[in-house]
Amino acid sequence: LRAQGTPEALIEPKVMPGNRPTTFIMCRKRTPRSLGQLVALYEHSTFTAGAIWNVNSFDQWGVELGKKVASTLLPMLTGPATPAPDPSTASLVHRYRQWRNR
Numbered sequence: 077l078r079a080q081g082t083p084e085a086l087i088e089p090k091v092m093p094g095n096r097p098t099t100f101i102m103c104r105k106r107t108p109r110s111l112g113q114l115v116a117l118y119e120h121s122t123f124t125a126g127a128i129w130n131v132n133s134f135d136q137w138g139v140e141l142g143k144k145v146a147s148t149l150l151p152m153l154t155g156p157a158t159p160a161p162d163p164s165t166a167s168l169v170h171r172y173r174q175w176r177n178r
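For the sequence shown, the residue numbers in my numbering are 77 to 178.
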C-alpha cells in the first residue's frame with residue numbers, strides 16, 4: 077500500500093494480517109426466519125460492541141475490506157473446487173459445498 081502512495085493513516089485499516097480468531101455461523105437452509113435471525117444478531121452485536129468499546133461500529137474501511145475478502149471466497153463456493161488459502165477456510169468451504177451438493 078505504501079508503494080502505491082496510500083496515505084499512512086489509511087494503511088492500518090486496509091490491512092488484514094490474518095491469524096486472528098473468527099466466528100463463522102452456518103445454516104443448512106436459508107429461510108426468511110433464519111435470515112432475519114442472522115441480521116438481528118449482527119445488528120445487535122455490532123451496535124453493542126461499538127457502544128462498549130466507544131468505537132465507530134460501522135467503519136466503512138472494514139466494510140470495504142470485508143467485500144474484498146468475500147469476493148475472493150465467492151468463486152470457491154460457487155465454481156469448481158479450488159484450494160482455499162488456509163485450513164480453516166478450506167474446512168468451511170468443504171462443509172458448505174457438501175451441504176449444497178457441489
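None of these hints come from the bench; they were simulated from the model. Warning: the hint list may mix true and false statements.
[To be verified] Straight-line Cα separation of at most 20 Å, DMTMM-like style, residue types lysine to aspartate or glutamate; simulated pairs: (1) Lys143 / Glu88; (2) Lys105 / Glu140; (3) Lys144 / Asp162; (4) Lys105 / Glu88; (5) Lys105 / Asp135; (6) Lys105 / Asp162; (7) Lys90 / Glu140.
These figures come from a predicted structure and were not determined experimentally.
- Item | Restraint check for Lys144 with Asp162, where alpha carbons must lie at most 20 Å apart | 17 Å, holds
- Sort out whether Glu140 lies within 20 Å of Lys90, counting only the CA atoms. 9 Å, holds
- Message: Check the hint pairing Lys143 with Glu88 against an upper bound of 20 Å on the C-alpha distance.
- Response: This hinted pair holds, its Cα atoms lying about 17 Å apart.
- CA of Lys105 to CA of Glu88, is that 20 Å or under? 37 Å, violated
- Item | Lys105 paired with Glu140 [C-alpha distance capped at 20 Å] | 27 Å, violated
- Message: Tell me if the straight-line CA distance from Lys105 to Asp162 falls inside 20 Å.
- Response: 26 Å, violated
- Is Lys105 within 20 Å of Asp135, Cα to Cα? Violated. Lys105 to Asp135 sits at ~30 Å, over the 20 Å cutoff.
Figure legend: structure checked against the earlier numbered hints; hints not met, in rising order: 2, 4, 5, 6.
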